[in-house]
Amino acid sequence: MRVSRTDRSLVAEWWFTVDRVLLTAFFVLIGMGAVLSLAAGPAVAIKKGLPTFYFVERHLLVAMAGTALMLSVSLLSPRQIRRLALMVILASLGMMVAVLVSGPEINGARRWLRIGGHSFQPSEIGKPAFVVLSAWLLAESGRRADVPAFPLAAVFYVMFVSLIVLQPDVGQSLLISAVWGSLFFLSGQPLSRITFFGLLGTSAFAGVYATFPHVRGRILRFFDPSSGDTYQTDRAIESFTEGGFFGRGPGEGMIKTILPDAHTDFPFAVIGEEFGTLACLVIVALFAFVVFRALWHAWRDPNAFARLAITGLSLLFGLQALINMAVNVGLIPAKGMTLPFISAGGSAYLAVSLLAGMLLSLTRRRAEAGRVKKPSFRTTMAGMELGGADSR
Amino acid sequence: MSRAVPVPSIGLYLRGLIVGVAVAGLFAAVGVQLVRLSLVARTEIRVASAEPIGRVFSRPDILDRGGRLVATDVAVPSLYADPAMIIDLDEVIEKLMRTFPDLDAAELRKSLGDHTRRFAWIKRGLAPRQAQRVHDLGLPGLAFRQEPKRVYPAGALLGHLIGYVNVDNKGAGGLERYIDDNLGIESVLGAAPSRIPPVALSIDLGVQQGLAAELKEALTRYQASGAAGLVMDVTTGELVAAVSLPELDPEKPVEAQADGRENRLSTGVYELGSIFKILTVAMALDGKTTTLDKIYDVRQPMTFGQHTINDLHPAGRPLSVRDVFIHSSNVGAGMIALEAGSARQMGFLSRLGLLSGARTEAGPVAAPIVPKRWGELETVTIAYGHGLATTPVHFSAAVAALLNGGSRVTPTVLARRTGIVGERLVSAETSAGIRELLRLNVTSPHGTGRRADVAGYRVGGKTGTAEIPGKGGYQRKAVISSFVAAFPMDAPRFLTFVSLFEPRASEETKGQITAGLNAAPVTGRLIARIAPLLDVLPERATQEAASRAN
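Chains as they are written, first to last, in the numbering used here: chain A, 1 to 392; chain B, 1001 to 1550.
One or more of the hints may lead you astray.
If you only want the chain A side, here are some residues facing chain B, beta carbon under 7 Å, derived [stated by the list, open to error]: (1) Thr241; (2) Phe245; (3) Gly318.
Keep in mind the hints are simulated off the structure, nothing from the lab.
From the three backbone atoms N, C-alpha and C, an ideal C-beta is built for every residue, glycine too.
Just need the whole structure built from these sequences, with the hints factored in.
Dropping the structure here:
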C-alpha cells in the first residue's frame, strides 16, 4: 500500500500508527479459521442433516462481517473506544436481562436471543466492552480520589458476573473474573485490598460449586474418569494421539463425526487429528504471539487506561483461547468456550472481532505526554519515589 | 491537586511480570500436553477407530413393471457394545448367548473384553422383537443403532436377477451390483431412506410367478433335475419373466455358491438342439439359398468320415423345407446349411450375436462355446443345434429378432420406457416365413409342437431335445428338452422359452423324453396362464377353427 506521510486522512493516519504486526497476526488467525472450517464444518453439517457446506458458508460470512467490524473499530480513538464500550455494555446488559426473562432454553441454559432466525448471545458481545470499561474505572480509581471509581468498578463487575452466572454460564463467569482480577491486581491497588477480594472470590467460587449441581458434576467428572460421562473429552484426547505429529491428513479425521459440536467446541481436536500436533503447536504459538505482542504494548504504554485496557483485552482473548485448547487436550473439564477466530459461531466471532478492533485501536501509536520521554529504568526509580508520595 | 504524570511504578512492572509469566505458563502447559499426547503410542490409548462411519449404504427401491415392490430398505436395529462400559463381562456373554445361540462366545469374549475399544458390533439387522429382548436384559454397555437392511418382499422369486447385498447394504451381485455401479448408492449414517428414484424392472411379478409355478410343476411331473424359462417382449427385448430352478433367495447369498444354483438362463451355456433349426432355416431363407417349398432328399443318412447323421424318425421320403421343420429332420437341416455354406452360417450366427458374450443389468451373459474348427461337419451339426453351446438368453434374443420383423433386440431386465428399433438383421419376408413355420409346427397334426397349442392365442413354436455331452460322448438318456414359442403368431408380441434339464420318461410322455412331450405341453399351460396377464386378447376358438377349415 502506498500512502503519503503527509496524508492526514483517517485511513492514512491509521495505516501509519496501527501495529501492522498485530494486524497481520489477526488476519492470519482469521484466514486459518476460514480454511480450517472445512475440516469440522461439513462433517457436523451432514450429521445434523444440514447442507454439507452450511457451517463453512456461515463461517465465511461471519468472518467477513467480523473483519469489517475489527477494521472499523480499530479506526477509533481511545476516547471513542470508551464510548463505544459504554454503548455496547448498556445494550448487552439490557439484552442479558431480556434473555433471562424470555430467552429460549438451549441445553439447559438461557443465554441466547433469537433475532431474525439467528440466535444471538448478548453476554459474548458484552465481554470486551466490560473489560474496557473496567479498565477505565480501575485506572480512574488509581488516578483520582474524588470519584468513587473503585466501588463503581466492583459493583459493575458484580452486576455483569451475576447476570452471566444466572444464565447459568459458570465457565464465562470464571473467565470474566480472572480477567477482572488481573486488572484489579495490575491497577496498583494495595496488597491488603487484593488479599481481601481474593478471599472473597474464592468463597464465591465455593458457593457456586455448592449451588450449581451441573458445575459440581462437571468438575467431579473431570477428576474421576470412571464416575460418569467423559465421552467428549476422551474422544478429543484420542484425536491428538491418533493424529500424531503430522496428522492423518486433511479430511481423514474420524473424531469430528463422533463429537456432537466438533465445529464450535472441539475444532482444535479436529485440527490435531487431521493436521497433527505440529499444526496445533503453530496455532498455540500464534495465540501466544498475539497475547504477548499486546502485553508488550501495554508494558510500554504510560497511559493507565490504555495499559489496563490492552492488558485486559489481550488476557480475555488469550484466556478464552487457552481454556478452549486446554479442554481439547484434556487439561480441564468441558466448558463450551470457543476458540477465537477458529470456532464456528456468530456472536462469539463478532465479539472477538470487536475485541481485536479495540486492541488494534488502543495499541496504535499516539503522541501523548507520557510518550514523549520513554521511561527508562532509572527514571522509573525516580518516579516511584516522587509519584509514590504524590499518589497517597 | 496537581496532575501527576502517570508513570508506572516498579511494583506495577513486577505485577505485570507475574501476570505475563502466568499466561506464558498456561500456553506452555497446553503445548506440553499436546506433545505428550502425540507421543503416546497409538496402541495404548487406541480408539479402535470408534464407530464405523458411513459404511452403511441406502439403496433405491426396485419395482416390477407394474410398480409392485420387489426390493426396499427397512430400518432395523443393530446391536453393538461399548466394551469400556461393560461391567460384568461374564454376565453379558451368558445372557447374549442365551438370546442368540448362534453367536460365537469366544469371539464375543475377545471383542467385548478389550476395554480400550469403545465400539464393537455384536449382531446386525435384528428383528424389533429380538432388539426388545436384548433391551430387556438391561445390560449396560449394549446399545442399538438403526441401519438400513435390504428386504425382498418377492422372496426367492427374483433371486437370480436381483443378486444380493453385503452386510453394509452394498450390492454384491446381480442387479444390486448394477445399481451400485451405474445408479449410485448413498453412504448414510443411521437409516435414512434413499433419495435415488426407484428402479423399474421389465419383469412382471404376476408373469414371473406363473412361469415359476409352471416350471416347478414340470420339475416334479417330469422329475427333472432343473428347469429354466423366460418370457421376452420380442420388440423391446425386455424380459417379462425369467426363472431358473432351483431358485435363489437373495437374503441367503451363501446359497448362490452351491452347485446347480447357477442361473441357467444366462450363466450356463448349452447345446440347445433342434430349436436351432429356426436359425438354420432363417439363414437359408434370408440368403435366398432356399425357399419354403424346396424339396430335399433326406432318405440317406449323411456321413462325414466316421460320423453318421441320422434322423430320429426317418420320414422315408423327400421333404420340403416346411416338412423338414415340422418333422425336425436333422439330415434336412444339415443339407440346408451345407447348401448355404459354412461362411454364411458363421456370419449369420455372429450377426445375431450368438458367437460372443453379452451383459444384462442382472450380470454377464456367458460367452458361447464355439467350435475351434468350423468345417462341413460342424456346419451340419450346428444346423440342428449341436456343436455350439450358448445361453437361453442369447438364443431367445436371436429368435425374437427373427419374429419381430427382423430387428435386433438387446435383452434387458429394466423397463424400457420407449420402444427401440434395433438394426435390421433379416428381411421382413424371412421373418414372415419363420412365423409361418413356427405356427405350422403347432397346428399341423404331424408338428412336434402341437401339444403347445392354446385355443385362441395362435401359439407357434419349435422343439429341441439335446443330448447332454458327458464322459465318452453324448448320453442318450440325459437330455435338455426345450421349447421356444411365441404368441400371437400373426403379430408376435411375446416369446417364451422353456428348458427342462434331464427329464425322465413316464407313462404320460409315452416313455419318451423328447421336448414335444414335456417342454411343449408346459409351454402351452404357461401361455394359457400368462397371456391374459399380458393383455393378449384371445381369438374366438371357433373363428380360428373356421379359418383353419377354409
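Quick rundown of the hints versus the structure:
1. Given the 7 Å rule on beta carbons, the hint for Thr241(A) holds: about 5 Å separates it from the nearest Cβ of chain B.
2. The interface hint given for Phe245(A) holds, since its Cβ lies 5 Å from the closest Cβ of chain B, which is under the 7 Å cut-off.
3. A least Cβ separation of about 6 Å between Gly318(A) and chain B falls short of the 7 Å threshold, and the interface hint therefore holds.
Checked against the numbered hints above, the structure breaks none of them.
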